[in-house]
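Participant: Here's the letter readout for the chains.
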Amino acid sequence: MPEPILTIKNLTKKYGENVIFQHLDLTVNEGDTIVIIGPSGTGKSTLLRCINLLTRPDEGQIWLDDMEITAKDCDEDQVRQHIGMVFQNFLLFNHLTALGNVKLGLSKVKKMSDEAATEKAMHELARVGLADRADHYPGQLSGGQQQRVGIARALAMDPRIMLFDEPTSALDPELIGEVLEVMRQLALDGMTMLVVTHEMGFAREVADRIVFMEKGYIVEEGSPDEMFNHPKFPRTREFLWKITELYGKKETDTN
Amino acid sequence: MLTWLGYFERFGQNFLRGAGVTLELTAVGLAIGFVLGLFLALARSYGPKWLQQVAGAYIAVFRGTPLLVQLFIIYYGLPEIGIAFSQNLAAYLALGLNSAAYQAEYLRGSINAIGSAQMQAGRSIGLSKWQTIFYVILPQALRLALPSWSNEPISLLKTTAIVFLIAVQDLMAEGKRAATATFDFVGVYLAVAVVYLVMVFVLDALLKFVERKTKIPGMDIETSR
Ligand SMILES: Nc1ncnc2c1ncn2[C@@H]1O[C@H](COP(=O)(O)OP(=O)(O)OP(=O)(O)O)[C@@H](O)[C@H]1O
Ligand SMILES: [Mg+2]
Numbered sequence: 000m001p002e003p004i005l006t007i008k009n010l011t012k013k014y015g016e017n018v019i020f021q022h023l024d025l026t027v028n029e030g031d032t033i034v035i036i037g038p039s040g041t042g043k044s045t046l047l048r049c050i051n052l053l054t055r056p057d058e059g060q061i062w063l064d065d066m067e068i069t070a071k072d073c074d075e076d077q078v079r080q081h082i083g084m085v086f087q088n089f090l091l092f093n094h095l096t097a098l099g100n101v102k103l104g105l106s107k108v109k110k111m112s113d114e115a116a117t118e119k120a121m122h123e124l125a126r127v128g129l130a131d132r133a134d135h136y137p138g139q140l141s142g143g144q145q146q147r148v149g150i151a152r153a154l155a156m157d158p159r160i161m162l163f164d165e166p167t168s169a170l171d172p173e174l175i176g177e178v179l180e181v182m183r184q185l186a187l188d189g190m191t192m193l194v195v196t197h198e199m200g201f202a203r204e205v206a207d208r209i210v211f212m213e214k215g216y217i218v219e220e221g222s223p224d225e226m227f228n229h230p231k232f233p234r235t236r237e238f239l240w241k242i243t244e245l246y247g248k249k250e251t252d253t254n
Numbered sequence: 000m001l002t003w004l005g006y007f008e009r010f011g012q013n014f015l016r017g018a019g020v021t022l023e024l025t026a027v028g029l030a031i032g033f034v035l036g037l038f039l040a041l042a043r044s045y046g047p048k049w050l051q052q053v054a055g056a057y058i059a060v061f062r063g064t065p066l067l068v069q070l071f072i073i074y075y076g077l078p079e080i081g082i083a084f085s086q087n088l089a090a091y092l093a094l095g096l097n098s099a100a101y102q103a104e105y106l107r108g109s110i111n112a113i114g115s116a117q118m119q120a121g122r123s124i125g126l127s128k129w130q131t132i133f134y135v136i137l138p139q140a141l142r143l144a145l146p147s148w149s150n151e152p153i154s155l156l157k158t159t160a161i162v163f164l165i166a167v168q169d170l171m172a173e174g175k176r177a178a179t180a181t182f183d184f185v186g187v188y189l190a191v192a193v194v195y196l197v198m199v200f201v202l203d204a205l206l207k208f209v210e211r212k213t214k215i216p217g218m219d220i221e222t223s224r
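Those protein sequences? They're chains E and W, same order as listed.
Heads up: the first sequence begins at 0 in numbering that gives the first Met the number 0, then just goes up one per residue.
Heads up: the second sequence begins at 0 in numbering that gives the first Met the number 0, then just goes up one per residue.
These are computed hints drawn from the structure, not numbers from a lab.
Glycine included, each C-beta is placed from N, C-alpha and C at the ideal position.
Hints are not guaranteed to be accurate.
Unchecked claim - If you only want the chain W side, here are some residues facing chain E, beta carbon under 10 Å, derived:
id : residue
1  : 30
2  : 34
3  : 49
4  : 50
5  : 51
6  : 63
7  : 111
8  : 113
9  : 119
10 : 121
11 : 122
12 : 135
13 : 138
14 : 157
15 : 158
16 : 215
Unchecked claim - Beta-carbon label-pair distances, calculated as ranges:
id : chain 1 : residue 1 : chain 2 : residue 2 : range
17 : W       : 217       : E       : 222       : 39 to 45 Å
18 : E       : 118       : W       : 197       : 47 to 53 Å
19 : W       : 26        : E       : 54        : 29 to 35 Å
20 : E       : 60        : W       : 129       : 24 to 30 Å
21 : W       : 209       : E       : 55        : 39 to 45 Å
22 : W       : 111       : E       : 57        : 45 to 51 Å
23 : E       : 72        : W       : 208       : 46 to 52 Å
24 : E       : 57        : W       : 23        : 54 to 60 Å
25 : W       : 26        : E       : 189       : 55 to 61 Å
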């Protein structure tokens, strides 16, 4: 039996009168890569922000392993350590080197010694192929490199699950591959991942399940084969067709 | 008139002593203003509602009234309700409390510009709100504020001249004494002006140096999101 790492039940989020999503259920099992797709403004980012408590849902519960993280008495800062987040615009700490970015959480949250934090951070940078850029500042790195530092920064906390919010959509086309390659490797290493992306090549190849969201509802979810070849709903087929057309099938196939 | 250079010989010691006091006033006023200004800026951006309002009111009052009025209230007014300060202490306080309001505005602008995106990034790795403020937002916001904040030390240095009105023995007071002794107001004050000018130049160069030293490599942080 696969163990659920993340369980979302009956989740509702509103901004004022504006209902972003309603009664949403989703389960992510250990080691799974789930890709969420859907048109702009559907609430994908909001869902991720709810999961790592950057915003509060109005109703429903979220469990991380056996802990209900939406509970009133739950320590948010404690929870966030265990949920890695990778942002569309990288959001690196611009005043710190790549190494400093990865180290900060280790020193200040995990309270590691400087030596241990450096060693761990270097290990994570090596994992994303940037050991030789450790002393570069974000402003001295390409977008693709910055995003890989962002991934290393999140990985350093040894999260139970990694959330990716359109990690490649701010990148020039020629830099997308290097980031997807790192993510593909993470999936192979058994990391549990929840990925919002338009990269259909990645979804097809890496995802265990694809979730199609529209207007605040999960329209359909299934394996890549089900979703691409035998979707239940015409909307799913339409959207997948459009997005594949738009973003191409081949661009994510690496070397 | 052409003899004003000679005043440096005759009153050099006094001018030097006065300039020392002026620099002291600037440094202490700037320091009080920075600590309090930083607190006000943080209170306005991250404090509870009531504190945001208190900080806002403080800034509005101290920027909206003349420094001289504030100085006189502190030196002449407060003793009436039993709080008396020495001349120097009153001067430090007035300059510091006033400068705080201006420094708070410089800092608040850049704190807002670094803003909520970096806050999210900090929180996402498990830093607390205040950890994020101290380790992520302030180091960037202070650098971002530096070019415009640099006006404050210069402006404060010149502003200190008003404290001779409560008989603090600063450069201006020394100048006034020398002027009364020689009756050559133009010549003496010209010499005093030169001393102020030199101090401003040195301070300006120092600030430019700090700006260069703290610049983040590869980065104009003004242009970041
Ligand atoms: N802080 C906020 N306050 C009010 N409304 C918000 C806020 N954040 C998001 N929204 C609204 O919620 C809706 C969903 O936004 P969200 O960013 O989650 O969509 P998305 O699916 O991630 O879209 P995209 O593909 O463009 O990133 C949008 O209509 C947006 O305007
Ligand atoms: Mg989004």
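Participant: Next step is simple, just say for each hint if it's right about the structure.
Facilitator: Going through the hints against the structure:
no., hint, in the structure
1, 30, "23 Å, violated"
2, 34, "22 Å, violated"
3, 49, "23 Å, violated"
4, 50, "22 Å, violated"
5, 51, "21 Å, violated"
6, 63, "34 Å, violated"
7, 111, "16 Å, violated"
8, 113, "9 Å, holds"
9, 119, "6 Å, holds"
10, 121, "8 Å, holds"
11, 122, "6 Å, holds"
12, 135, "5 Å, holds"
13, 138, "5 Å, holds"
14, 157, "32 Å, violated"
15, 158, "32 Å, violated"
16, 215, "5 Å, holds"
17, W/217 with E/222: 39 to 45 Å, "43 Å, holds"
18, E/118 with W/197: 47 to 53 Å, "52 Å, holds"
19, W/26 with E/54: 29 to 35 Å, "45 Å, violated"
20, E/60 with W/129: 24 to 30 Å, "28 Å, holds"
21, W/209 with E/55: 39 to 45 Å, "41 Å, holds"
22, W/111 with E/57: 45 to 51 Å, "28 Å, violated"
23, E/72 with W/208: 46 to 52 Å, "51 Å, holds"
24, E/57 with W/23: 54 to 60 Å, "57 Å, holds"
25, W/26 with E/189: 55 to 61 Å, "59 Å, holds"
Comparing the model with each numbered hint stated earlier shows that hints 1, 2, 3, 4, 5, 6, 7, 14, 15, 19 and 22 do not hold.
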